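Order-wise, the sequence lines are chains B and F.
Numbering-wise, the first sequence is residues 7 to 702 according to the numbering used here.
Numbering-wise, the second sequence is residues 409 to 659 according to the numbering used here.
Source of the hints: derived by calculation from the structure; they are not laboratory data.
Quantities reported herein were computed from a predicted structural model and do not represent experimental measurements.
There may be inaccurate statements among the hints.
Said to hold, decoys possible - Calculated lysine-lysine pairs in the DSBU-like style (CA-CA distance at most 30 Å, straight line): (1) B:Lys-293 / F:Lys-458; (2) B:Lys-447 / F:Lys-630; (3) F:Lys-477 / B:Lys-286; (4) B:Lys-275 / B:Lys-646; (5) F:Lys-442 / F:Lys-492; (6) B:Lys-167 / B:Lys-181; (7) B:Lys-608 / B:Lys-490; (8) B:Lys-293 / F:Lys-605; (9) B:Lys-286 / F:Lys-440; (10) B:Lys-162 / B:Lys-78; (11) B:Lys-587 / B:Lys-576; (12) F:Lys-658 / F:Lys-440; (13) B:Lys-284 / F:Lys-442; (14) B:Lys-681 / B:Lys-444; (15) B:Lys-458 / F:Lys-565; (16) F:Lys-477 / B:Lys-452; (17) F:Lys-492 / B:Lys-444; (18) F:Lys-458 / B:Lys-284; (19) F:Lys-605 / B:Lys-284; (20) F:Lys-630 / B:Lys-286; (21) F:Lys-440 / B:Lys-454; (22) F:Lys-477 / F:Lys-605; (23) F:Lys-477 / B:Lys-444; (24) F:Lys-492 / B:Lys-447; (25) F:Lys-630 / B:Lys-444; (26) B:Lys-444 / F:Lys-605; (27) F:Lys-458 / B:Lys-286; (28) B:Lys-167 / B:Lys-222; (29) B:Lys-454 / B:Lys-444; (30) F:Lys-630 / B:Lys-377; (31) B:Lys-447 / F:Lys-442; (32) B:Lys-286 / F:Lys-605; (33) B:Lys-284 / F:Lys-477; (34) B:Lys-310 / B:Lys-286; (35) F:Lys-442 / B:Lys-444.
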Amino acid sequence: MEITREVFRHFPLWMQIVFYIAGLATIAFFLYGFYRRYRKYRRGTDAGRFNNLVGRFFKALGAMATNRTVYKRDTYAGTAHWMIFWGFVVLFIGTVIVAVDHDMVELAFGAENRLLQGGFYQWFSLFLDVFGVLFIVGLLMMLFRRGSKPPQLDYKRPDLKEGQYDRSGYKKDDKAFLWLLLIIGVTGYFIEALRISADGMPAFEVWSPVGNTLAKMFGENTANTLHPYVWWIHGIFVLGFIAYIPYSKAMHMLLDYANLMFKDDLAAKRLPRVSEEKMKQGQGYRKIEDFTWKELLDFDSCTKCGRCHVACPANASGAPLSPRDLILDLRTYADASIGNGTSEWFGQTYATGVKEGKGEKAPAVAGDIIKADTLWSCTTCMACVEACPVGIEHLTSIVNLRRTLVDAGTMENSLQDTLANIGDYGNSFGQSDRMRAKWTKELPFKIKDARKEPVEYLWFVGDYASYDSAVQGMTRKVAGIFEKLGIDFGILYEAEKNAGNDVRRIGEEGLFEMLVEDNMAAFEEAEFKEIITTDPHTFNTLKNEYPEFGASYPVHHYTGLLCKLLDEGKLKFSKKLSHYKVTYHDPCYLGRYNGETEAPRKLLEALGVEFHEMRRCGANSFCCGAGGGRIWMDDSKLEKRPSVQRIEEALEIDGVNLFIVACPKDYTMYNDAVKSSGNEDKIAVKDIIELVEEAI
Amino acid sequence: MNIIVPIKQVPDLVEELEIDSSGKDLDREWLKYKVNEFDDHALEEALLLKEAHGGAVIAIALDGDDIDKALYAAAAKGADRVVKVTGNYAGISNRAAAKVLAGVIGGMNPGLVLTGVQSVEDRDGQIAVLLAHYLGLPHVSVVTGVEVSGGNVTVHKEYGGGMVAEFEASMPVVLGVQAARETPRYVPVARVRQAMKSTELEEIAGGDPGVSSGSSISRMFKPETGGGAEMISGSAADVAAKLAEIIKSKM
């Protein structure tokens, strides 16, 4: 007996022709939907993402093949997704092989030269059967997961009341996507089973184990009758699914590869500059054409997995911001404003209360579509960007929209005052720039002025370390340790200005540029090789953003430098601090933004403390709520401040009595949180430098 | 309607202030200047009125330290014209300043003149009154919130003890603004920089005031610490009697 199977088993010619016509129509419909998307992205401005295309291609391919971004921190969803993904890919390739074999090889070289016969057919059958099982099991796992209602899949919005929005379309899409695939997978096995049974159970079909087993359920005649019906059910669902892809969440199969490929590795860490042209007209976004094509692609790439939604400290503390809803609202806005309303069959409409813009003034994207309160709620902690499995850069869009608000002066008075202070005096405290180095007066030694004598390390002290009376003590301790370790360092005294990390994230780009110019002028005056700082915010902008303006220096956080000296044997501890039971909070701008999670832990290990990790640590750390200018805004409306939530998280660890930080803003935020939550008798906040000083 | 807003720069109190060698003025060599807070409110009120009723806002200032910066900032916020009155006006008194300003403003067909009710370095808080005098216009001072309807303005004036009076005046009128209805707006640095490049700063030569202030500074000094305090206790009558006694003894 010939080892193969008949394609279009026993179908009359007309039926085959009908299928081909339906198939071509489906493909045309698919391509049209795809074109609509493409047309939308073409409306965006340049995003500068066409460098290193080969590298980008393979990096994204690796991420897609391994599903590692989906797997990260969610083993269950990652595993299920991996099974569905590879099941789909293998079944798709199998179908392509069948098509090529039937429509090309057989036509060109004759039936005797078909690929799908003999040993190849048997391996092919086995392979597809196994991956088909993975596919179906993965889908069932996902269905089960949806049924268990995990918080990230809850469509509840933090900014609107029930009834003010309608997410039923998304829910339908979620169901349709899973069920379509499941029906296609299951009917596929049944066609196979019916064919095997109708063919009289050929012995070689044991290589299709699932189909062969199911085939035993049907008598040969029944199978023969049923086969074309089930075949057509399967066929209609398959064609339907192909047509559905570009108009639904299924589009993520294609878009999200592209989005990962074009992702900027420095997204959020280095914000996009504003062109001179834009600065003249008024910075920020006002219409759909202001967005880059990558941003438009971001909005469409969202699968509503909700990882950003549950990672976001604003959302967690009752602020009217969910990064997921923000992206989805911008998607709706993008489609509505270019008349692409049907690019999504199961989309949402504008939330109630948003002006539709018909006849009257069009809704402002920054202010009406995305409310000012929503934009100002962001702490720029980057948890959303880090958690997103498909490379969405929420933060870039948030800052771009904030820039519009800043241009119009739409902000809290306290923030406005702070910006004015930074503009007038170069610091957020509204104190004279001549007072910047006042903290050094109490030191028993004089810190070198890097403008007057060459130093190896320029210490960029930063605002909080310089001006905040609660942090100044810590700053002096750092100075004392540096001095003791013989580090050749100096500071810029009154020439140093706020580095501008948070100013930029507030969206005040002009002020940021001014600060960069001022600081660079001070760098020019000074002679040094490398920069050190205790402030992770300063660290980030100096390391990732200043180089674009021409200031490229190696930048170290003090924990990194101390760790290096520890490794070199220059930093030695005379005491073990084993009586402390500590946990360590990774500052967003150190751990998540810049991947520096090892140095502080190595220091703590060398200090001999009893160390315990919090539930969320490293790149998954939880924000204190101070970043992106939030420290200068009102947080009294929050249900529970992120800093208090974090202290409670630390207290989940039995017996931990020290909360170690490595960031001046963290020091003030958490000291405040410990006091205001009445936990002073349980836990104390210390900067890591205090432990170093104690043990040295 | 032309809304004229005279503004000025005052020493920034964030900096440490020093008295100069004459003992009658601040040492201005290291001083930083910022726009008078009340003038900022006057400008904000003017911009709000313009946004609601149309018209043109003209910011005007006598030449002085860092005044260009203040005028450009006003332009960036939305002033339609910015005018610098040139001349040597260092240390000018309110009376003289009012006369010079009135000479220029008089030719601008003013509908409303809004200026800050006072400044940290002014000696009398009379700038609005004096301006009105030299312009021959009505005035209300210590104003919070201005409403325009037809040719009239309705304003609120604050008095001590939490009293507020409502005034109606026919335009043109001079108003000394205590506070605008909204916090003065933030103007992004990019807009100020843009204004510096694209705004025409008009210069008009100011006249000789020909008048001087009725008061003069005899000595400027930092608050002096006294020799300690005596706490008076007892009933109200006892305390009052003791106070009266002390006051009598010092007279």
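Against the structure, the hints come out as follows:
With a CA separation close to 26 Å, the supplied pair Lys-293 of chain B and Lys-458 of chain F stays within the 30 Å bound. Between Lys-447 of chain B and Lys-630 of chain F the alpha-carbon distance is near 25 Å, which keeps this suggested pair within the 30 Å criterion. Between Lys-477 of chain F and Lys-286 of chain B, the direct Cα distance comes to roughly 18 Å. Compliance with the 30 Å bound is thereby established for this hinted pair. For a cut-off of 30 Å, the pair hint linking Lys-275 of chain B to Lys-646 of chain B stands: about 27 Å separates their Cα positions.
Distance check on the hinted pair: Lys-442 of chain F and Lys-492 of chain F sit about 16 Å apart at the alpha-carbon level, within 30 Å; holds. Between Lys-167 of chain B and Lys-181 of chain B, the direct Cα distance comes to roughly 24 Å. Compliance with the 30 Å bound is thereby established for this hinted pair. Taking the CA atoms of Lys-608 of chain B and Lys-490 of chain B, the gap is about 20 Å. The hint holds against a cut of 30 Å. Distance restraint check for Lys-293 of chain B and Lys-605 of chain F: the Cα-Cα separation of roughly 26 Å lies within the 30 Å cut-off, and the hinted pair is therefore satisfied.
The suggested pairing of Lys-286 of chain B with Lys-440 of chain F holds, with an alpha-carbon distance near 28 Å, which does not exceed 30 Å. For the given pair, Lys-162 of chain B sits about 24 Å from Lys-78 of chain B by alpha-carbon distance, which is consistent with the 30 Å threshold. For the hint pairing Lys-587 of chain B with Lys-576 of chain B, the CA-to-CA distance comes to about 26 Å; that is within 30 Å, so the pair holds. Simply put, Lys-658 of chain F and Lys-440 of chain F have alpha-carbon atoms about 40 Å apart, too far for the 30 Å limit, and the pair is violated.
Distance restraint check for Lys-284 of chain B and Lys-442 of chain F: the Cα-Cα separation of roughly 28 Å lies within the 30 Å cut-off, and the hinted pair is therefore satisfied. Taking the CA atoms of Lys-681 of chain B and Lys-444 of chain B, the gap is about 28 Å. The hint holds against a cut of 30 Å. Of the pairs offered as hints, the one joining Lys-458 of chain B and Lys-565 of chain F is violated, with about 56 Å between alpha carbons and a cut-off of 30 Å exceeded. Of the pairs offered as hints, the one joining Lys-477 of chain F and Lys-452 of chain B is violated, with about 37 Å between alpha carbons and a cut-off of 30 Å exceeded.
As the CA atoms of Lys-492 of chain F and Lys-444 of chain B are separated by approximately 38 Å, the hinted pair breaks the 30 Å bound. A hinted pair counts as satisfied when its Cα atoms are at most 30 Å apart, and Lys-458 of chain F with Lys-284 of chain B qualifies at roughly 26 Å. For the suggested pair Lys-605 of chain F and Lys-284 of chain B, the alpha carbons sit about 15 Å apart, so the restraint of at most 30 Å is met. The straight-line distance between the Cα atoms of Lys-630 of chain F and Lys-286 of chain B is roughly 46 Å, outside the 30 Å bound, and the hint therefore fails.
At roughly 27 Å between alpha-carbon atoms, Lys-440 of chain F and Lys-454 of chain B fall within 30 Å of each other, so this suggested pair holds. At most 30 Å may separate the alpha-carbon atoms for a hinted pair to count; Lys-477 of chain F and Lys-605 of chain F meet this at roughly 12 Å. Among the hinted pairs, Lys-477 of chain F with Lys-444 of chain B is consistent with the structure: their alpha-carbon atoms are about 29 Å apart, no more than 30 Å. With a C-alpha separation of about 43 Å, the suggested pairing of Lys-492 of chain F with Lys-447 of chain B is violated against the 30 Å cut-off.
This hinted pair checks out: Lys-630 of chain F and Lys-444 of chain B have alpha carbons roughly 22 Å apart, not beyond 30 Å. Proposed proximity of Lys-444 of chain B and Lys-605 of chain F is contradicted: the alpha carbons are some 37 Å apart, above 30 Å. With a C-alpha separation of about 23 Å, the suggested pairing of Lys-458 of chain F with Lys-286 of chain B holds against the 30 Å cut-off. Distance check on the hinted pair: Lys-167 of chain B and Lys-222 of chain B sit about 55 Å apart at the alpha-carbon level, beyond 30 Å; violated.
Distance restraint check for Lys-454 of chain B and Lys-444 of chain B: the Cα-Cα separation of roughly 14 Å lies within the 30 Å cut-off, and the hinted pair is therefore satisfied. Restraint check for Lys-630 of chain F and Lys-377 of chain B: the C-alpha separation of about 49 Å exceeds 30 Å, so the hint is violated. Simply put, Lys-447 of chain B and Lys-442 of chain F have alpha-carbon atoms about 29 Å apart, close enough for the 30 Å limit, and the pair holds. With a C-alpha separation of about 10 Å, the suggested pair Lys-286 of chain B and Lys-605 of chain F falls inside the 30 Å cut-off, and the hint holds.
As the CA atoms of Lys-284 of chain B and Lys-477 of chain F are separated by approximately 23 Å, the hinted pair is consistent with the 30 Å bound. A C-alpha spacing of about 37 Å is found between Lys-310 of chain B and Lys-286 of chain B, which places the hinted pair above 30 Å, so the restraint is violated. Under the criterion of a C-alpha separation no larger than 30 Å, the hint pairing Lys-442 of chain F with Lys-444 of chain B is consistent with the structure, at around 23 Å.
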